[in-house]
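Peer 1: Each chain is listed here by its residues.
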Amino acid sequence: MNELFLTSIGSLFTATNLLLVLLGVVAGIVVGALPGLTATMAIALLVPFTFTMQPVHGLILMGAIYVASIYGGSFSAILLNTPGTPSAIATTFDGYPMAKRGQSYQAIVTATVASVFGGLIGVFFLLFLSPPLSRLSLRFGPPEFFWLTTFGLTIIATLSTKSILKGLIGGAFGLLLSMIGIAPIEGSVRFTFGSISLQNGIALIPALIGFFCIPEVIGMIERKAEHYTAIPYRRQRRVLWGVLIHIVRKPLLMIRSAVIGTIVGIIPGAGGNIAAMVSYNEAVRASRNPEQFGKGSMDGVVAAEASNNAEVSGSLIPLLTLGIPGAPPAAVLLGALLLHGLRPGRELFTYHGAVTYTFMLSLVLANILILPVGIFSGRWISRLVTRLPVTLLAPMVFFLSVIGSYAINRNMFDVFVMLGFGLIGYVGRRMKIHPGPIVLGLILGSICEQGLVQSILMGRASGSVLAMFFTRPLSILLISLTLLSAAWPFIAGAIRRRQAGRKA
Amino acid sequence: MNKSNPKLRWLGVLGLTTALLILTVGYAAAGGQSEGEDYPSKPITYIIPFNPGGQSDITAQYQKPGLEEALGTSVVIKYTPGAGGAVGWANLVKTKADGYTISGNNIPHIIIQPLVRENAGYQTEDLIPVYCFQTTPIGLAVLKSSPYKSLDELVAYAKANPGAITVGGSGTHSGHHLALLQLEYLTGAKFTYIPSTGAAPSVANFLGGHTQALFANSDDLVGHRDEIIVLAIGTEKPFAALPGVKTFKDQGINMTAGIDRGVCVPPGTPDSVIRTLEEAFDQVTRNPSFISKMEELGFVMQYMKSEEYTRYIMNKKKEMEDALRTLGEIQ
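As you go down the protein sequences, you meet chains A and B in turn. Per this note's numbering, residue 1 is the first one in the first sequence, and the count goes up by one each step. Per this note's numbering, residue 505 is the first one in the second sequence, and the count goes up by one each step.
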């Protein structure tokens, strides 16, 4: 492992790789900063264009965009009070009040420094947790995959949206979509309505592009009349130093936020927005001055931004080791990995180790590059955020959506899949059913089904199907997590009621 | 939004238009239609109907640079896993027969599936054979920690406890599945078959101890020889890459098991295109460094051109139909 690690450091520092990281960081910040363009969408649009690249180049570019767009979301959160990506939602709580006080530059520098540190702590976990976990991945047999995906499905139902019912509806719809096509085991043909194109199932990347891009395009056109009231971005001297000192003086806040971000990232189905909210809540609880939060506290910005950038690497841990994406953008990366012939699991760290380690190390570089790029180009980015006309943005994203979904298989059917799911995604959004649960249902569904069928076969052979599902140690752990996450809304409700009762 | 700086806006328009133009031109060039004489004049899609990382994929990855050189165009490998390869082949027969979409084809898969499935989505004869480049012997293995140290012990246990031993393999009605059915038929033992979507996941399942035995291709057996005991190999003669391993025949079970791999094109593909492709594959397959790489991985080389390969498939089909009928898998 050490040897791979060192040679990968060497192979990372080629002109092409460095250029790709820089390009990814700049593009990612812009995409993240523009309200309506999210990390998931940017990566989904990019996948088709990377599949003629060498795998490692494509992954480096997408990784840098992933990291930088999560950070970029803080620009519009701070200047417009609108999260540029869902992950930046908690950044608005204190970032916007800071900007209103005239501290827009300080808020952005705080977000930048917090993102860099948080992101680096996240990559640290990715680099040192993934290889041992990938060895553990062999212990994950069919029952474990069944329970892990079930756990992921309960998470998307209870955590990813405000309404449990709507989360469940989205997840169930995704599961149904995953059933389309020839069954992964036994090979029976299901729900294809006689169409050969559907035998292969719903193509993942076109569906993702549809779900994440088209509703945004329609939304952009709808919002065209709206005016954002942007707060000007004024550069000030000596802010960076002050922010650095502030953050270094509170190492606990930084480390706690980054660890929360990483853990939430690892949990399948929970993304950056949840990471930032949880970390923000914990920062408020731990603070000696909780009343300052929400009124422009630097600590609030640090908590949100450190954790959502740590979440990026966290979401890659289950992706690379088990093939289970920890967040929607990671789900797109799964498609990209498979497109390049890289199957998650132990072989990614042995046989394909050179690619994997170079990719993971490139994330270190991307996180570091955020600092200079964010600070020196902040002025232009903030101008772009507040002034790029929708009349340019909307048709461009639409154009790329069509091209991107066609390019993967050179197949018009995929374009119709993309458009169809785009409309479904838009209607769903109007009904407050988010695409996240649908997409994770779609991905986790077939893994879950395979685990279920194989476990039943194995259970019959061993004499007890129930023992196969309920007595294996790792399975028991996963079942407990599943039960906890399924019951969590009720537990949380009870706690809230008790607290309210105590106050009254 | 309307108050934007006109200069900036103009720059934006200019930049975006240029970007879009470049993309459009790029795609038009890549997807432009041109046929016949100047074949190949655009990238060729090479379908691997299995998961990435499996044997078909590994071979295709090694062929890719040589093919690109021989054909003078880029070759894009595309994965359409599922249903033991049937998803990919069902899709292939629907694509345009212009030689720009080719697919790996595996025997016995393309023979068994149309025989046992109501509608496999294709017929064996629909897949026009172009070239056959390798055979992979199939072997039966257990982990070193397994209580069964020989084929006799494993079979004896399975006879005494029908269905209690799980055996992993790449998919339903794949070569591995057929090998297990043959073993059951010849010995009277009963196993539980656990299919996966491709060889790689079934190997991972087996190495993790989730299935007790595994039918696997020789390269996986060679690659993991430190962790496993190969109980038997499906070749006629002892297999050089696995010294000391006995064949099924040596152990009194009269069977061979292997997977032949080649490429095919959709029905109606022009002869001239098939000639071009078979020449390219012949050139790649006879490359000494390719041969040594393949043999190192445990493959047995084949050099069958279109005609010979077609005859080979027809003969195999007849053999298998008889075997499956005897095994009771088909009426």
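These aren't lab readings, by the way, just hints derived from the structure by calculation. Warning: the hint list may mix true and false statements.
Calculated cross-link-like contacts (lysine to any residue; reagent style SDA-like; alpha-carbon spacing at most 20 angstroms) [to be verified]: (1) B/K797 to A/Y351; (2) B/K582 to A/R430; (3) A/K162 to A/R430.
These numbers come from a predicted model, not from an experiment.
Peer 1: So, for every hint listed, does it hold in this structure?
Peer 2: Comparing the hints with the structure gives:
Of the pairs offered as hints, the one joining B/K797 and A/Y351 holds, with about 16 angstroms between alpha carbons and a cut-off of 20 angstroms not exceeded. Under the criterion of a C-alpha separation no larger than 20 angstroms, the hint pairing B/K582 with A/R430 is inconsistent with the structure, at around 36 angstroms. A distance of roughly 14 angstroms separates the Cα atoms of A/K162 and A/R430; the hinted pair therefore holds under the 20 angstroms criterion.
Hint compliance for this structure: hint 2 is the single one not met.
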